Amino acid sequence: MKPAPFVHHAPRTVEEAVAVLAQVGTDGKVLAGGQSLVPLLSMRLATPGHLVDIGGVTGLDGLDVTDEHVRVGALVRHAGLERHDGAAAALPLLRQAVRHVAHPAIRTRGTTVGSIAHADPAGEMPAVAALTGAVVEVVGQGGAREVAAADFFVGPLETTLAPDEMVVAVRFGRLPAGTRTRFTESARRSGDYALAGVALAVQVDGATVAGARASFVSVTPVPDVLDLTPAVGGHPVDDLPLDAVADAVAAHVDPDSDIHAGADYRRMLAAELTRRALATVTTEVTVGAA
Amino acid sequence: MSAPAADAPLPMTLQVNGVVRTLSAPARRLLSDALRHDLGLTGTHVGCEHGVCGACTVLVDGEPARSCLMFAVSAQGHAITTVEGVGDDPAALSPVQQALAECHGLQCGFCTPGFVTTITAYLDEHPDPTEDEAREAISGNLCRCTGYQNIVKAVLRAAELRREERA
Numbered sequence: 021m022k023p024a025p026f027v028h029h030a031p032r033t034v035e036e037a038v039a040v041l042a043q044v045g046t047d048g049k050v051l052a053g054g055q056s057l058v059p060l061l062s063m064r065l066a067t068p069g070h071l072v073d074i075g076g077v078t079g080l081d082g083l084d085v086t087d088e089h090v091r092v093g094a095l096v097r098h099a100g101l102e103r104h105d106g107a108a109a110a111l112p113l114l115r116q117a118v119r120h121v122a123h124p125a126i127r128t129r130g131t132t133v134g135s136i137a138h139a140d141p142a143g144e145m146p147a148v149a150a151l152t153g154a155v156v157e158v159v160g161q162g163g164a165r166e167v168a169a170a171d172f173f174v175g176p177l178e179t180t181l182a183p184d185e186m187v188v189a190v191r192f193g194r195l196p197a198g199t200r201t202r203f204t205e206s207a208r209r210s211g212d213y214a215l216a217g218v219a220l221a222v223q224v225d226g227a228t229v230a231g232a233r234a235s236f237v238s239v240t241p242v243p244d245v246l247d248l249t250p251a252v253g254g255h256p257v258d259d260l261p262l263d264a265v266a267d268a269v270a271a272h273v274d275p276d277s278d279i280h281a282g283a284d285y286r287r288m289l290a291a292e293l294t295r296r297a298l299a300t301v302t303t304e305v306t307v308g309a310a
Numbered sequence: 021m022s023a024p025a026a027d028a029p030l031p032m033t034l035q036v037n038g039v040v041r042t043l044s045a046p047a048r049r050l051l052s053d054a055l056r057h058d059l060g061l062t063g064t065h066v067g068c069e070h071g072v073c074g075a076c077t078v079l080v081d082g083e084p085a086r087s088c089l090m091f092a093v094s095a096q097g098h099a100i101t102t103v104e105g106v107g108d109d110p111a112a113l114s115p116v117q118q119a120l121a122e123c124h125g126l127q128c129g130f131c132t133p134g135f136v137t138t139i140t141a142y143l144d145e146h147p148d149p150t151e152d153e154a155r156e157a158i159s160g161n162l163c164r165c166t167g168y169q170n171i172v173k174a175v176l177r178a179a180e181l182r183r184e185e186r187a
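First to last, the protein sequences are chains A and B. The numbering used here numbers the first residue of the first sequence as 21 and each following residue consecutively. The numbering used here numbers the first residue of the second sequence as 21 and each following residue consecutively.
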């Protein structure tokens with residue numbers, strides 16, 4: 021099981037990288053951490069003629085926290101994000117979620133931005149990007165542009181990225197004060213792709229829930245956001261209508277069946293995981309984001 | 021560009037176990053295959069070749085990584101450590117190797133190199149794990165013989181041996 025032949029490009033700058041991408045068009049693919057791409061190449065599910073290896077591109081490994089966002093550069097590994105205390109303090113959901121990405125030995129190489137560019141509905145970080153209203157920073161031959169997460173994902177493994185463009189960073193939006201977040205998922209074996217997963221952001225005002233939103237892993241074609249506020253808004257945080265939440269989730273998700281689980285089971289699982297995650301926000305003392 | 025150009029051998033320089041090695045291989049050469057076939061370091065085992073089994077785990081700049089999910093050409097400029105670099109003298113086993121032997125943490129041995137590298141890197145960062153943490157630490161490596169109980173014991177024993185070594 022070996023990848024098909026390809027031409028390896030090792031640009032040193034983003035400009036060089038997009039110049040190569042523009043030259044090779046749809047026959048090119050960006051290689052960052054490779055933890056999703058290399059298996060696809062080895063199984064020959066993808067056979068690009070050109071790989072643009074951005075591992076040596078300077079200036080892509082920054083991780084910056086501002087009042088509005090956490091900006092993650094294209095070469096920040098999942099493990100680097102996981103370890104970053106500033107990012108975890110600013111947006112606890114990042115660390116809560118990234119710990120569910122595969123295994124430690126995958127997280128040391130795989131990049132958070134690569135996972136979002138890959139746009140696998142089974143990926144954890146695309147769901148986090150959706151829930152936090154992330155902005156995807158894109159550079160192409162024509163210059164730079166910014167794409168909201170809601171406009172970035174268009175289908176499984178499909179984004180609005182043009183063949184001559186690459187993602188240089190993702191800015192995850194910080195959540196308002198009083199927001200409590202949760203991330204949970206269920207897989208048959210530790211580190212496997214989740215059968216279903218949920219990222220949850222609950223806005224708490226005193227003893228009352230003001231609003232709640234969720235995004236999902238493995239049960240929606242693209243990571244979109246479900247507003248749970250109609251179900252839980254105004255209810256006391258320790259007495260939430262969890263059945264109504266589960267019903268809303270079951271109606272929202274649209275899972276496929278495969279050899280690991282049927283669609284009905286995944287739908288039930290997504291609803292149940294959300295119910296359980298929501299039940300735990302009542303016990304939360306510390307408020308997540310500032 | 022034509023296929024032959026795509027598969028033309030490239031000169032590569034890898035730093036493996038502290039030694040600078042040169043080889044010539046096409047860009048699609050996986051690091052796991054470069055180590056085994058080009059450099060003769062057959063301690064790194066290749067199981068699933070898609071990142072699931074963990075047998076091919078090596079250390080890249082001290083951190084565990086699947087060598088089947090990296091191209092050799094991309095590994096240039098990084099310090100690679102294979103199981104041979106952790107310890108290749110039966111008379112002077114590393115603490116992790118000694119613990120695996122003592123605790124019967126292996127039977128056929130196919131998965132063991134990946135466990136040795138994974139556990140070595142884990143204990144560097146977490147020198148005193150609990151049993152639950154030890155189990156989590158090896159959750160990315162598959163073994164089809166032992167049932168894992170003795171590998172978990174070996175993680176704890178290796179931590180003990182490392183502490184003794186330092187005392």
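These are calculated hints, taken from the structure and not from any lab test. You may find that some hints are simply not true.
[Stated by the list, open to error] Below are the SDA-like pairs computed for lysine to any residue, each with C-alpha atoms no more than 20 Å apart in a straight line: (1) 49/A x 25/A; (2) 22/A x 42/A; (3) 173/B x 97/B; (4) 22/A x 122/B; (5) 49/A x 27/B; (6) 49/A x 70/B; (7) 22/A x 183/B; (8) 22/A x 57/B.
All values reported here derive from a predicted model rather than from experimental measurement.
Going down the list of hints, with the structure as the test:
The straight-line distance between the Cα atoms of residue 49/A and residue 25/A is roughly 13 Å, inside the 20 Å bound, and the hint therefore holds. A distance of roughly 27 Å separates the Cα atoms of residue 22/A and residue 42/A; the hinted pair therefore is violated under the 20 Å criterion. At most 20 Å may separate the alpha-carbon atoms for a hinted pair to count; residue 173/B and residue 97/B exceed this at roughly 36 Å. For the proposed pair residue 22/A and residue 122/B, the alpha carbon gap of about 37 Å is over 20 Å, so the pair is violated.
Under the criterion of a C-alpha separation no larger than 20 Å, the hint pairing residue 49/A with residue 27/B is consistent with the structure, at around 17 Å. Between the alpha carbons of residue 49/A and residue 70/B the distance comes to roughly 19 Å, so the proposed pair stays at or under 20 Å and holds. Annotation: proposed proximity of residue 22/A to residue 183/B is violated, straight-line Cα distance about 42 Å (limit 20 Å). Restraint check for residue 22/A and residue 57/B: satisfied, since their Cα atoms lie roughly 14 Å apart, inside the 20 Å limit.
In terms of the numbered hints stated before, the structure departs from hints 2, 3, 4, 7, listed from lowest to highest.
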